[in-house]
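Chemist: Protein chains in written order, with the working numbering: chain A, 991 to 1208; chain B, 152 to 411; chain C, 3 to 212.
The set of hints was computed from the structure by calculation and includes no laboratory data.
Yeah, the Cβ is synthetic: ideal placement off N, Cα and C, and Gly gets one too.
Treat the hints with care, as some may be off.
Computed footprint of chain B on chain A; a stretch qualifies when at least three of its residues, placed anywhere within it, have a C-beta under 8 Å from a C-beta of chain B [stated by the list, open to error]: (1) 1026-1033; (2) 1100-1111; (3) 1127-1134.
The calculated lysine to any residue pairs, modelled on SDA-like cross-linking and capped at a C-alpha distance of 20 Å, are [unchecked claim]: (4) B:K319 <-> A:E1110; (5) A:K1106 <-> B:K319; (6) B:K180 <-> B:D206.
Computed beta-carbon distance windows for the label pairs [said to hold, decoys possible]: (7) B:E214 <-> C:L197: 55 to 61 Å; (8) C:Q113 <-> B:A329: 41 to 47 Å; (9) A:I1075 <-> C:G77: 53 to 59 Å; (10) A:Q1070 <-> C:P74: 36 to 42 Å; (11) A:I1075 <-> B:A274: 44 to 50 Å.
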Amino acid sequence: MGLDLTVVPPFAGLILQGALWTIAITASAGVLSFFGGIGFAICALYAPAIIRYPIKAFAWLFMTTPLLLQLFLIYFGLVQIGIDIPAFFAGMIGLGLHFAVYNSDIIQTGILAIDKGQHEAGRTLGLSRGQTLRKIVIPQAVRDVVPPIGNNMIALLKDSALVSVIGVVELVHASQLAISETFRPFEFYLAAAACYYVVNLLLEFTLHRIERRIALTR
Amino acid sequence: MTDAKPFVEIRQARKCYGDLEVLKNISLKVNKGQIIAIIGPSGSGKSTLLRAINDLDPLTDGEVWLEDTQVNKKLPHKQYENHINKVRQNIGMVFQHFNLFPHLSVRENITLAPKMLKGISDAEADRLAEEQLEHVGLSDRIDYYPSQLSGGQKQRVAIARALAMQPKVMLFDEATSALDPELVEEVNLVMKRLAEEHMTMIIVTHEMAFAESVADRILFMDGGVVVEEGPPEQLFRAPKHERTKEFLAKHLRANALAPA
Amino acid sequence: MQRVAPFFLEAAWVTLELAVLSTLLGLTLGAIAASAKLYGNVVFRSIATVYVSVIRGTPCLIQLFILYFGGPQIGINLDPFSAGVIGLGINIGAYMTETIRGAIIAVDSGQMEAARTLGLSKFQAVRKVILPQAARLMVRPLGVNINAQIKATALVSAISVVDLTYTAQRYIGSTYKPFEMFILAGVLYMVIITLTGMIVSWLNKRVAIQ
Ligand SMILES: Nc1ncnc2c1ncn2[C@@H]1O[C@H](COP(=O)(O)OP(=O)(O)OP(=O)(O)O)[C@@H](O)[C@H]1O
Ligand SMILES: [Mg+2]
């Protein structure tokens, strides 16, 4: 059959729309994973045992099983118990929680690495433990772990391809729609890969800019 | 100088880390506007005593008073937290390693606590920051980040940050010993200026000359006890105890050997 | 549960095979690409750089799809399992390139000179002197990689390899017991991950003794 890249342009609109959905789900899951990661980290370090241990167990579960399986469970499993979430949100929650667990690990390390003197300086000024954490320790911890969190965001972009299996019409699924009409898998998957590559470059560029900006505040 | 009622008082302070008794029954009275310098060898308990005053290192036994308030009052946890946060607003502390908040600008370092705890407006906070920075001679650095400052400048900002809470007493734990020699003087000058304004201060230091020039009273600590105390002339020129003499002799020799 | 258990066990074996074979392939590709980047001429260096950049810049799922569904278009016909092993191996190889490159750099640079003075060619020096030493430094990062790799094998269910995830998915459909199936597959993943973790730390100890 050979390669014929001219089959792609007629479907450019569809592919681009898929790319937009990929960006949308990556961005929303990214935000969820970031704030979720902070929340989990705080709970894992400071919450009472009754909250801490369930959260740790939950995190362990997420870290030792594949994302794909988790997506299936959220999308197909929750329907079974009467919770019907649209595919996009199921994907967003699955990706978001999965990476929140990984981010939480990184952020915990970041929090523990903050110098004891920072806690003391806050407490000495009369700030409470909570205020000191919120205004002094956590902002610094998060800033310190921007590079590894950024790596997770890059991984998240690529793992967003998995939500195609629960029916979100992002890049992969969009190319599959084109393939079902043209029977040209190579060309369209290649086109999708090229889109990912470009989005990935943009994301890396943005993360690099952020890292440069926060260098001053270290 | 002998006021009837002390401003800061420590009564029979004891502090143990496990079996190690770090403070052994120390009592201390400081009057309003008085300046106390604490000297002594490494590990003698100077920092521990200082940090007991704002309860950063809680005492095992004994009481700490600031005016009519007991700092280390026995209270249920929640109430105690409220109490100590209020008390600490009145006690400024300056650390050896500055402990500025690196993610905040100089302005924000100074205004963070006043804004959060005293609910002052942004405009008032800005005025406060400008005022305090002028005090320590750093008005032109207001929008810098700590990473852009020299050690001496960092420490002066740390002093400004503490002063912005309008504390009743200031604690200094070796404020200049992490600084390059040429930067020590600018910080000492700020502290001297505070002394002239009659700020009550308790200063832990390794700099005998500075202690002599600024303090009303010197405490020499060793092994968790106050071995000797008195006005600087007496303690430095005519120490009574053998351990004080030894310590001072060692220090003078070390200073004589140190490059100018 | 009991009815499906044998299928899950069989699938677990497939998952383990996939992980091990793809890791071995990835190691080989990674070692080649890392050596090419460090010691190769412009052509080899460029090829290695493009390989790493393209593979790391695109999702593994797409790579599998191109290989399995797109492959026949250019005359590459693979069964699902082989496509899975090769696809995953190519993918992990790109990530391992950096790990291996780091390990090679960490091996004393004098080693290369020493080997060359003895008369070994560059290629022989890399293969016989540098890589064996670098391998010892790689065991620990490898442990982290293989853990991720076991989870990554789940992707091949999308090209119909009958692995754990595929099996779970299939029986979620037919039994309507998603939670049980998820737990069964999840537990098996955990078992595999824990076991390989133990093997890697055993390797680690052995390497440390040498
Ligand atoms: N958290 C702690 N746990 C156990 N022992 C401690 C702790 N903090 C301090 N100590 C011990 O208490 C003693 C007094 O320490 P402290 O820091 O008060 O000494 P210092 O006089 O300030 O010395 P330096 O001049 O070196 O700062 C030392 O023997 C020290 O080892
Ligand atoms: Mg000390």
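Chemist: Each hint needs a verdict: does it hold in this structure or not?
Modeler: Structure-based check of each hint:
no.: 1; hint: 1026-1033; verdict: violated (count 0)
no.: 2; hint: 1100-1111; verdict: holds (count 5)
no.: 3; hint: 1127-1134; verdict: holds (count 3)
no.: 4; hint: B:K319 <-> A:E1110; verdict: holds, 19 Å
no.: 5; hint: A:K1106 <-> B:K319; verdict: violated, 25 Å
no.: 6; hint: B:K180 <-> B:D206; verdict: holds, 17 Å
no.: 7; hint: B:E214 <-> C:L197: 55 to 61 Å; verdict: holds, 59 Å
no.: 8; hint: C:Q113 <-> B:A329: 41 to 47 Å; verdict: holds, 42 Å
no.: 9; hint: A:I1075 <-> C:G77: 53 to 59 Å; verdict: violated, 43 Å
no.: 10; hint: A:Q1070 <-> C:P74: 36 to 42 Å; verdict: holds, 37 Å
no.: 11; hint: A:I1075 <-> B:A274: 44 to 50 Å; verdict: holds, 48 Å
Hint compliance for this structure: hints 1, 5 and 9 are broken, all remaining hints hold.
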